[in-house]
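Chains as they are written, first to last, in our numbering: chain A, 1 to 271; chain B, 1 to 271; chain C, 1 to 271; chain D, 1 to 271.
Be aware that one or more of the hints could be misleading.
DEER-style ranges, computed between Cβ atoms [as the list claims (entries may be wrong)]:
| no. | chain 1 | residue 1 | chain 2 | residue 2 | range |
| --- | --- | --- | --- | --- | --- |
| 1 | C | 164 | D | 77 | 48 to 56 Å |
| 2 | C | 164 | D | 70 | 20 to 28 Å |
| 3 | D | 157 | C | 128 | 54 to 62 Å |
Everything labelled a hint here was simulated from the structure, so no lab data went into it. We treat Cβ as the ideally placed atom computed from N, Cα and C, and that holds for glycine.
Protein chains: 4
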Amino acid sequence: MEIKKGDYVLLLSPDEKTFLVTVEEEKRMGTHLGELNLGEAVGNEYGGRIYSNLEHPFILLEPTLEDRMMKVRRLTQIIYPKDAGLILLKTGVQSGMTVVECGAGSGALTIALASAVAPGGKVYTYDRSERFLDNASKNVENTGYGHVVEFKQREVSEGFDERDVDVAVLDLPSPWSGIPAAADALRGGGRIASLSPTYNQVEGCVEKLTDEGFVFIETMEVFVRNMKVSRGKTRPFERMVSHTGFLTFGRKALKKSPEPGVPTDTDDETQ
Amino acid sequence: MEIKKGDYVLLLSPDEKTFLVTVEEEKRMGTHLGELNLGEAVGNEYGGRIYSNLEHPFILLEPTLEDRMMKVRRLTQIIYPKDAGLILLKTGVQSGMTVVECGAGSGALTIALASAVAPGGKVYTYDRSERFLDNASKNVENTGYGHVVEFKQREVSEGFDERDVDVAVLDLPSPWSGIPAAADALRGGGRIASLSPTYNQVEGCVEKLTDEGFVFIETMEVFVRNMKVSRGKTRPFERMVSHTGFLTFGRKALKKSPEPGVPTDTDDETQ
Amino acid sequence: MEIKKGDYVLLLSPDEKTFLVTVEEEKRMGTHLGELNLGEAVGNEYGGRIYSNLEHPFILLEPTLEDRMMKVRRLTQIIYPKDAGLILLKTGVQSGMTVVECGAGSGALTIALASAVAPGGKVYTYDRSERFLDNASKNVENTGYGHVVEFKQREVSEGFDERDVDVAVLDLPSPWSGIPAAADALRGGGRIASLSPTYNQVEGCVEKLTDEGFVFIETMEVFVRNMKVSRGKTRPFERMVSHTGFLTFGRKALKKSPEPGVPTDTDDETQ
Amino acid sequence: MEIKKGDYVLLLSPDEKTFLVTVEEEKRMGTHLGELNLGEAVGNEYGGRIYSNLEHPFILLEPTLEDRMMKVRRLTQIIYPKDAGLILLKTGVQSGMTVVECGAGSGALTIALASAVAPGGKVYTYDRSERFLDNASKNVENTGYGHVVEFKQREVSEGFDERDVDVAVLDLPSPWSGIPAAADALRGGGRIASLSPTYNQVEGCVEKLTDEGFVFIETMEVFVRNMKVSRGKTRPFERMVSHTGFLTFGRKALKKSPEPGVPTDTDDETQ
Chain A
1 MEIKKGDYVL LLSPDEKTFL VTVEEEKRMG THLGELNLGE AVGNEYGGRI
51 YSNLEHPFIL LEPTLEDRMM KVRRLTQIIY PKDAGLILLK TGVQSGMTVV
101 ECGAGSGALT IALASAVAPG GKVYTYDRSE RFLDNASKNV ENTGYGHVVE
151 FKQREVSEGF DERDVDVAVL DLPSPWSGIP AAADALRGGG RIASLSPTYN
201 QVEGCVEKLT DEGFVFIETM EVFVRNMKVS RGKTRPFERM VSHTGFLTFG
251 RKALKKSPEP GVPTDTDDET Q
Chain B
1 MEIKKGDYVL LLSPDEKTFL VTVEEEKRMG THLGELNLGE AVGNEYGGRI
51 YSNLEHPFIL LEPTLEDRMM KVRRLTQIIY PKDAGLILLK TGVQSGMTVV
101 ECGAGSGALT IALASAVAPG GKVYTYDRSE RFLDNASKNV ENTGYGHVVE
151 FKQREVSEGF DERDVDVAVL DLPSPWSGIP AAADALRGGG RIASLSPTYN
201 QVEGCVEKLT DEGFVFIETM EVFVRNMKVS RGKTRPFERM VSHTGFLTFG
251 RKALKKSPEP GVPTDTDDET Q
Chain C
1 MEIKKGDYVL LLSPDEKTFL VTVEEEKRMG THLGELNLGE AVGNEYGGRI
51 YSNLEHPFIL LEPTLEDRMM KVRRLTQIIY PKDAGLILLK TGVQSGMTVV
101 ECGAGSGALT IALASAVAPG GKVYTYDRSE RFLDNASKNV ENTGYGHVVE
151 FKQREVSEGF DERDVDVAVL DLPSPWSGIP AAADALRGGG RIASLSPTYN
201 QVEGCVEKLT DEGFVFIETM EVFVRNMKVS RGKTRPFERM VSHTGFLTFG
251 RKALKKSPEP GVPTDTDDET Q
Chain D
1 MEIKKGDYVL LLSPDEKTFL VTVEEEKRMG THLGELNLGE AVGNEYGGRI
51 YSNLEHPFIL LEPTLEDRMM KVRRLTQIIY PKDAGLILLK TGVQSGMTVV
101 ECGAGSGALT IALASAVAPG GKVYTYDRSE RFLDNASKNV ENTGYGHVVE
151 FKQREVSEGF DERDVDVAVL DLPSPWSGIP AAADALRGGG RIASLSPTYN
201 QVEGCVEKLT DEGFVFIETM EVFVRNMKVS RGKTRPFERM VSHTGFLTFG
251 RKALKKSPEP GVPTDTDDET Q
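With the hints as extra help, turn the sequences into a complete structure.
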């Protein structure tokens with residue numbers, strides 16, 4: 001696959017540092033291993049190399065979803081791939097689906113959601129902060145998923161515009177404040193995911209989900225431990241990230257459901 | 001979203017047991033909480049309920065990717081969502097991509113890959129065992145992703161038919177045996193993921209990846225710990241899965257790459 | 001070391017099951033691998049073997065501290081060696097020290113504490129429940145540490161009799177209820193350890209410790225993951241205990257401490 | 001408990017930094033929060049305070065076993081309390097026992113072993129390196145356990161002098177090289193513990209232990225995760241130590257053991 005002007009490329013240095021750059025002719029970039037001429041990447045292939053003026057090879061890689069997420073400009077703590085991966089699997093976000101996200105953060109999770117619903121789906125991302133929205137929006141734009149995401153500045157208490165959405169994702173300091181809005185937006189059977197760093201938030205979140213009639217509520221945390229692998233000297237890394245946040249999942253049950261043998265229009269009282 | 005005849009539905013019992021079933025008229029199904037008439041689900045909505053003859057409500061849910069994976073008929077240890085999620089994120093599998101998978105297992109990971117490349121992409125899944133392929137194929141067919149996946153019976157030593165594939169995923173007892181075939185099939189910058197339960201396999205895998213010129217090689221393991229959440233009594237679960245397998249990732253660098261100022265056709269010796 | 005009548009012996013079966021037994025002449029014991037005559041152990045050595053009537057060898061081992069703890073008769077969830085080990089290290093319990101323990105449980109932690117203070121030290125173990133005290137007392141007696149421990153039936157709100165104790169260990173549903181009593185009993189610089197399964201208990205415990213002037217307060221949890229080791233097939237166990245309890249530690253600072261150059265009897269207001 | 005000249009004291013600063021110091025009259029010590037006169041500690045009590053010239057209070061604490069271990073002068077990676085605690089519990093080291101340790105490291109584990117066998121027991125610590133022995137010896141001396149430990153410079157291949165020891169602890173790059181010497185030194189039923197950072201060392205260790213007739217062989221790793229606890233904002237720390245080493249334990253079975261009814265001197269062939 002040939003690299004063109006304007007492409008985003010992940011440069012890998014010989015000592016395994018990475019740089020996410022836009023390829024432009026005559027663009028020069030300084031690194032700890034000398035200066036690169038990014039124009040040399042144009043016409044090269046992914047997997048190929050360019051060399052710094054100090055003759056160090058830098059490998060040209062196509063950014064993955066993880067690279068895109070980890071390289072966003074950060075105004076906030078970002079969602080890690082370990083957490084985003086499980087959110088995608090457990091909410092079942094797929095191409096063509098509609099997702100509401102509240103709490104834009106720096107847009108890292110937005111990118112993962114956009115990638116999963118594309119093509120044909122849509123992510124609506126709400127935040128009260130214009131500054132966060134602007135930054136997240138630019139980060140998403142940079143990945144080429146800008147057309148998949150719509151950003152809206154709004155207090156969560158005002159609710160979401162969308163209805164019958166497949167999945168709602170909350171990353172809020174008070175997750176309970178967004179659950180009624182999510183419940184209104186979700187279709188029956190729709191999934192919700194909420195991320196929170198503290199146990200206290202988790203308690204409040206699960207309590208509110210239960211009150212709002214969500215079912216199959218689960219809370220969990222994900223850890224990743226890296227290993228140093230080399231023949232005869234293989235062992236785990238000595239340090240790891242031990243906490244990002246807790247993930248809470250649920251599914252929307254419909255509040256009105258016909259009792260067996262009871263006409264639908266009279267069963268309100270029994271609910 | 002209305003449930004139709006033939007739909008796959010995840011039934012959730014009041015005590016949070018789940019059943020993945022096909023909805024058919026007049027289909028009866030026994031459970032620990034009484035008998036259900038699955039025909040009652042037809043015309044109902046996701047999030048709605050049907051009742052057993054003992055008056056227990058069962059909630060009708062749309063199966064997520066996780067549900068699909070966990071409910072496959074198992075002939076082998078399956079890939080868990082925690083691992084599949086990270087594989088999707090780190091390999092950057094997207095709608096429209098081409099993926100080669102070797103080692104069909106029970107098809108759980110195939111389902112995750114098919115879901116990620118759909119629509120417009122394709123997964124080619126190889127296995128030496130006809131029995132495993134048959135089972136995996138049926139499991140994938142059940143999810144509605146049958147058209148996205150092609151199954152091939154083959155020894156990995158014979159190589160893969162595809163070229164310029166975006167991502168290769170190996171789940172082999174001797175992962176090194178599949179790496180040359182994966183290297184041939186992948187395009188420059190393409191990603192590889194390998195799953196193995198033992199350290200010894202990981203050592204051999206990383207060594208072979210390095211020999212074959214893969215770069216940015218990483219090995220890691222993923223843990224998920226569940227929490228019991230209830231107001232004033234929140235605590236982690238007392239038991240967890242502490243090992244499924246190690247995940248190794250790499251990216252294909254091109255072997256031939258022009259040295260600065262050196263014509264391509266004479267640089268073989270210097271590689 | 002020769003085994004004598006009345007000794008406690010840990011029997012290890014060929015399939016690695018363990019039995020903690022008292023050796024007596026003519027005592028017969030049924031196992032899944034046949035019947036043993038425990039009298040044959042008398043005069044044998046630790047590390048030696050006796051054989052069942054089905055000719056299976058059982059190895060005669062001296063019970064370790066871990067064996068003693070894990071083999072107590074259980075009326076409650078017991079403290080695990082992973083937690084007890086860290087408690088001993090962090091509280092610095094040593095031969096000759098005085099320890100107050102509140103919440104006898106089944107006596108597993110009492111055994112660890114008794115072993116650490118012997119000879120010359122003393123453990124005072126309080127519980128409100130006569131039934132738990134009786135069981136814990138018998139369990140401790142069985143290890144030979146009976147003379148090191150004194151059991152007292154008491155509500156924690158009534159306080160402890162001891163003063164100037166080195167270490168206090170609390171295992172209470174409401175740990176804060178025991179902290180004032182522990183603060184009164186501990187000498188300056190004395191250590192406290194509290195065990196609790198929930199986050200909520202931990203919050204209340206840390207808050208109360210802070211109020212009572214404890215310093216260097218730390219909370220943590222300990223995990224142990226076992227490995228299956230065999231040449232070429234080494235990997236972690238697939239399941240593990242993921243939660244027993246949280247451990248909170250602190251040290252008693254003296255409330256009244258002379259300000260530099262200020263007589264002790266006038267400095268109350270400034271504290 | 002009154003502090004005397006020459007005592008080791010752990011100073012805790014208001015921002016929870018710790019300093020392990022010897023108290024001497026007129027000894028001045030600079031800190032990030034001003035200068036302390038350690039002489040002021042003399043006659044003060046543990047739990048009391050001294051003040052820096054900037055009026056910051058430093059609390060006077062008695063060093064625990066953990067403090068002693070963590071504050072050794074380090075020439076090597078030290079054994080962590082989480083690992084030392086489990087070693088003590090699983091080997092059952094008690095007051096009065098004899099322990100052989102090979103691989104002195106920086107003496108941190110030696111201190112834990114010395115503390116556990118005192119009074120009346122003895123630790124024999126071997127190392128090939130005079131430099132490590134000197135450092136470990138000084139570190140142990142500083143804790144007041146010098147009389148409990150004997151240091152010997154020796155290649156492990158030359159064996160240990162002691163016989164009938166209760167516990168042997170190995171911390172060696174090639175743990176298998178020390179196992180025959182440990183097997184010779186241990187009495188029947190004696191326990192061995194070995195620490196190694198890599199899986200490869202663990203494989204070799206377990207293989208050799210099996211060859212040498214050790215039984216009840218277990219390998220495990222210990223993790224500690226700390227929590228930030230404050231009312232309404234409680235959550236785990238964001239980073240943790242994810243690897244120090246693997247712990248392998250075993251117990252010595254006697255090689256020659258009389259078959260039932262068979263004289264000892266003729267049973268070699270049946271073993």
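We went through each hint and held it up to the structure:
1. Checked against the hint of 48 to 56 Å, the pair residue 164/C and residue 77/D fails, with Cβ atoms roughly 38 Å apart.
2. Against the hinted window of 20 to 28 Å, the Cβ-Cβ separation of residue 164/C and residue 70/D comes to about 26 Å, which satisfies the hint.
3. Taken as a hint, the range 54 to 62 Å holds for the pair residue 157/D and residue 128/C, whose Cβ atoms sit roughly 58 Å apart.
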